[in-house]
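Assemble the whole structure, with the sequences as input and the hints as a guide.
Under my numbering, the sequence shown has 1000 at position 58, and the numbering climbs by one with no breaks.
I should point out that these hints are in silico values taken from the structure, not numbers from a laboratory.
Incorrect hints may appear among the rest.
[Said to hold, decoys possible] Below, computed lysine-lysine pairings styled on DSBU-like, alpha-carbon distance capped at 35 angstroms:
{"hint": "1", "residue 1": "K1053", "residue 2": "K1063"}
{"hint": "2", "residue 1": "K1015", "residue 2": "K1062"}
{"hint": "3", "residue 1": "K1020", "residue 2": "K949"}
{"hint": "4", "residue 1": "K1053", "residue 2": "K985"}
{"hint": "5", "residue 1": "K1062", "residue 2": "K1008"}
{"hint": "6", "residue 1": "K986", "residue 2": "K1015"}
[Stated by the list, open to error] Here are the computed distance ranges between Cβ atoms for each label pair:
{"hint": "7", "residue 1": "L1054", "residue 2": "V1027", "range": "15 to 21 angstroms"}
{"hint": "8", "residue 1": "I946", "residue 2": "T1003", "range": "20 to 26 angstroms"}
{"hint": "9", "residue 1": "V1031", "residue 2": "F1056", "range": "16 to 22 angstroms"}
{"hint": "10", "residue 1": "L999", "residue 2": "K949", "range": "21 to 27 angstroms"}
{"hint": "11", "residue 1": "E1044", "residue 2": "N964", "range": "33 to 39 angstroms"}
{"hint": "12", "residue 1": "I1004", "residue 2": "P1052", "range": "20 to 26 angstroms"}
{"hint": "13", "residue 1": "S1045", "residue 2": "V988", "range": "26 to 32 angstroms"}
{"hint": "14", "residue 1": "V1042", "residue 2": "N973", "range": "14 to 20 angstroms"}
Computed from a predicted structure; not experimentally measured.
Beta carbons: idealized from backbone N, C-alpha and C, even for Gly.
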Amino acid sequence: MASIFTKIINKEIPALIVAEDNNFVAFLDINPVAKGHTLVVPKKEVDYLFDLDDNILSEMTIFAKKIAKSLDKSFDCKRVGLLVVGTEVPHAHIHLIPFVSESQMSLAAPKLKFSQDEMKKIQQIIINNI
943 MASIFTKIIN
953 KEIPALIVAE
963 DNNFVAFLDI
973 NPVAKGHTLV
983 VPKKEVDYLF
993 DLDDNILSEM
1003 TIFAKKIAKS
1013 LDKSFDCKRV
1023 GLLVVGTEVP
1033 HAHIHLIPFV
1043 SESQMSLAAP
1053 KLKFSQDEMK
1063 KIQQIIINNI
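Structure follows, in structure tokens:
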């Protein structure tokens, strides 16, 4: 059965995509712990990040770097952190989280709520800074 990320990749369900190429897609997390919290996902459905082919993993990191640089420009943050947990969806992914405090780098942190209009504005800011 296809993961929810595969359904996003296949455009079967909507997502606020900020970047996409032949191998990867980046979109806003629907339960963000920080403004701009973005997920980077390979289009090939593999459950565990470290089971990805070395070339794909390398390319994914470079793709994520481009998104992280945009997040850094887009939001007032100390850094953009990278978090790999990967148990909530059985599809390899990276969380990119702009943070001021390291406590924001926890998926157990309180989730932020933004309206759909606010999320679309966040999406556009990120796209404009790529």
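Comparing the hints with the structure gives:
1. Pair hint K1053 plus K1063 holds up; C-alpha atoms about 18 angstroms apart against a cutoff of 35 angstroms.
2. Restraint check: the Cα-Cα separation between K1015 and K1062 comes to about 17 angstroms, which is no more than 35 angstroms; the hinted pair holds.
3. For the proposed pair K1020 and K949, the alpha carbon gap of about 33 angstroms is at most 35 angstroms, so the pair holds.
4. Between K1053 and K985 the CA atoms are separated by roughly 26 angstroms; this keeps the pair inside 35 angstroms, and the hint holds.
5. Pair hint K1062 plus K1008 holds up; C-alpha atoms about 20 angstroms apart against a cutoff of 35 angstroms.
6. Using a Cα cut-off of 35 angstroms, the hinted pair K986 and K1015 holds, with the two alpha carbons roughly 29 angstroms apart.
7. Look at L1054 against V1027: about 18 angstroms separates their beta carbons, and that is inside 15 to 21 angstroms.
8. Distance hint for I946 and T1003: a CB-CB separation of about 23 angstroms, consistent with the stated range 20 to 26 angstroms.
9. Roughly 20 angstroms separates the CB atoms of V1031 and F1056, a value that falls within the hinted 16 to 22 angstroms.
10. Restraint check, L999 to K949: a C-beta distance of roughly 23 angstroms satisfies the suggested window 21 to 27 angstroms.
11. Restraint check, E1044 to N964: a C-beta distance of roughly 34 angstroms satisfies the suggested window 33 to 39 angstroms.
12. Our hint of 20 to 26 angstroms for I1004 and P1052 is violated, since their Cβ atoms are close to 32 angstroms apart.
13. In this structure, S1045 and V988 meet the distance hint of 26 to 32 angstroms, their C-beta atoms being roughly 30 angstroms apart.
14. For V1042 and N973, the Cβ-Cβ distance of about 19 angstroms falls inside the hinted range of 14 to 20 angstroms, so the restraint holds.
Of the hints listed earlier, the one the structure fails to meet is number 12.
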